[in-house]
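Top line first, the protein sequences correspond to chains A and B. 1 is the number of the first residue of the first sequence in UniProt numbering; add one for each residue after it. 1 is the number of the first residue of the second sequence in UniProt numbering; add one for each residue after it.
The hints are simulated quantities; they were obtained by calculation from the structure and are not laboratory data. Errors might be hidden in some of the hints.
Said to hold, decoys possible - Which bits of chain B does chain A cover? Going by a derived footprint, with three or more residues having C-beta under 8 Å, they are: (1) 25-33; (2) 47-57; (3) 60-73; (4) 78-85.
Stated by the list, open to error - Calculated from the model, a selection of chain A residues having no Cβ within reach of chain B, i.e. all distances over 10 Å: (5) P26; (6) N58; (7) H122; (8) K249; (9) P251; (10) M252; (11) I269; (12) G278; (13) G298; (14) S301; (15) R305; (16) A315; (17) A385; (18) Q387; (19) F398; (20) P413.
What the hints assert, rightly or not - Straight-line Cα separation of at most 27 Å, BS3-like style, residue types lysine-lysine; simulated pairs: (21) K21/B with K399/A; (22) K407/A with K21/B; (23) K15/B with K249/A.
Glycine included, every Cβ here is placed at the ideal spot set by N, Cα and C.
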Amino acid sequence: MRYSALSILKNGLFGNKGWKPAWRTPAPKPHYDVVIVGGGGHGLATAYYLAKEFGITNVAVVEKGYVGSGNVGRNTTIIRSNYLLPGNNPFYELSMKLWEGLEQDFNFNAMVSQRGVLNLFHSDAQRDAYTRRGNAMQLHGVDADLLDREAVRAMVPFLDFDNARFPIQGGLLQKRGGTVRHDAVAWGYARGADMRGVDILQNCEVTGIRQSQGRVLGVETTRGFIACNKLALAAAGNSSRVAEMAGLKLPMESHVLQAFVSEGLKPFIDGVVTFGAGHFYVSQSDKGGLVFGGDIDGYNSYAQRGNLATVEHVAEAGKAMIPALSRIRVLRSWGGVMDMSMDGSPVIDRTPIDNLYLNAGWCYGGFKATPASGFCFAHLLARDAPQATATAFRLDRFKRGYLIDEKGQGAQPNLH
Amino acid sequence: MASLIACPHCGRRPKEEFTIKGAALVRPEPEADADTWFDHVYLRDNPRGRYAEFWHHTSGCRRWLVVTRDTATHELEETRDAALWRRETAR
Ligand SMILES: Cc1cc2nc3c(=O)[nH]c(=O)nc-3n(C[C@H](O)[C@H](O)[C@H](O)COP(=O)(O)OP(=O)(O)OC[C@H]3O[C@@H](n4cnc5c(N)ncnc54)[C@H](O)[C@@H]3O)c2cc1C
Ligand SMILES: [Zn+2]
């Protein structure tokens with residue numbers, strides 16, 4: 001069923017009894033052309049674009065929990081394409097362009113809101129670094145505005161501009177950045193894929209990868225063996241564990257990242273603001289809650305929950321940026337397991353096993369990448385060649401010395 | 001994870017005093033081949049379960065420690081001095 005104003009009107013007239021579930025609950029078939037492991041944003045988007053753009057519809061998405069139970073339903077919903085490095089920038093800009101047309105494309109309200117992302121800077125050196133990033137963005141055709149202190153003050157007057165240690169000197173603004181309703185992204189892609197024939201198999205955990213003579217035959221699951229021509233891994237925080245089933249050791253660690261929501265407030269913060277002198281970023285949801293977070297906790301974890309020391313750290317950084325936050329009560333906090341790669345950038349590539357493909361290493365920034373990641377992974381699966389904007393995300397780049405290290409931190413995931 | 005970590009030298013101290021380096025791995029010999037070094041620098045077992053990590057007691061005794069804990073439950077199993085750990089793993 002196509003969603004439209006008319007469909008709402010029609011269903012409203014008949015007591016809203018005509019709505020159908022947004023996707024089917026099929027039994028696994030014995031064989032698929034492509035099996036995708038992981039029903040998060042990236043797995044579902046891959047299935048959607050495989051079916052819609054590349055005509056491959058005999059596809060299953062195998063998800064151990066339910067759609068949206070992973071990071072796609074746990075993130076702080078920020079989208080942006082303000083990257084510095086040539087390996088990253090065109091890819092994230094492709095994603096931004098896909099976001100801009102997504103709701104019409106998959107006929108679902110994902111509440112894409114380009115409310116702007118503002119990165120604050122606090123010193124001359126930081127201004128130079130942000131100017132450089134803004135210039136790099138503009139050279140790639142991406143919008144970037146460098147704001148001075150007064151322009152920032154006009155946007156967000158309640159920041160601590162004269163903080164003794166971290167005075168705010170200005171900010172780099174990407175107006176096209178913003179937020180998107182994360183659950184709706186998963187649901188929209190799931191529905192769009194299902195409509196085109198993709199089987200979404202929930203509560204179906206992959207427990208093994210069956211191989212013979214250097215090729216994958218299929219996956220062992222809690223609902224039996226499923227054979228496939230091509231196997232695509234998109235398991236985010238569990239990537240190392242799934243890859244291990246095929247005997248691969250990845251350049252990745254799994255870390256926990258926490259996020260927080262406050263009680264509902266009247267309109268306070270219009271866009272997304274990030275602190276340049278500590279680990280803190282904030283936006284306000286349409287329900288009024290402040291959605292905020294900081295850095296990863298810094299230790300390997302599969303627990304989907306973090307530590308109090310980080311909660312305190314985030315609160316302190318938040319208060320240093322917006323003193324008024326001291327009066328706000330936090331309602332909820334939670335954690336998600338991040339697939340932190342050794343250079344902070346992702347992998348969309350083939351693997352040493354011929355028909356096994358990998359999509360992983362999204363760190364704490366994979367939500368904004370969802371459309372482009374799905375599109376490029378589908379391109380790779382369908383054509384066996386990388387999409388033009390995703391040629392740098394190779395698995396062997398670590399060995400060849402072609403790292404994509406946005407922050408220049410070196411091979412230590414808890415610093416990215 | 002516990003908010004207090006038992007340092008073998010200082011006793012139970014708040015977690016904020018420690019800096020976490022990452023996987024406790026034994027450094028290859030300088031002459032080891034490129035593959036061995038690649039594995040050491042970039043590849044990780046990343047287990048769900050028992051895991052040994054280098055921690056530095058930055059705001060305490062400033063000794064390097066090896067903390068063994070469970071990455072799924074966050075339970076701490078053992079904390080020891082890295083030099084001691086090194087001597088034992090080298091054996
Ligand atoms: C607190 C937090 C805040 C974040 N904020 C942002 C942000 O503001 N902007 C941004 O761009 N990014 C953000 N991210 C990162 C982003 O959420 C992730 O990078 C992205 O969602 C990962 O891709 P995914 O949606 O496919 O992952 P997931 O939704 O985690 O999908 C992976 C799926 O694989 C399934 N799976 C795992 N193992 C198996 C198995 N053996 N068999 C079957 N299925 C399996 C899991 O159940 C899961 O559903 C944030 C993350 C967190 C945790
Ligand atoms: Zn100590």
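Output the numbers, in ascending order, of every earlier hint that fails for this structure. 1, 4, 8, 9, 10, 13, 14, 15, 19, 20, 23
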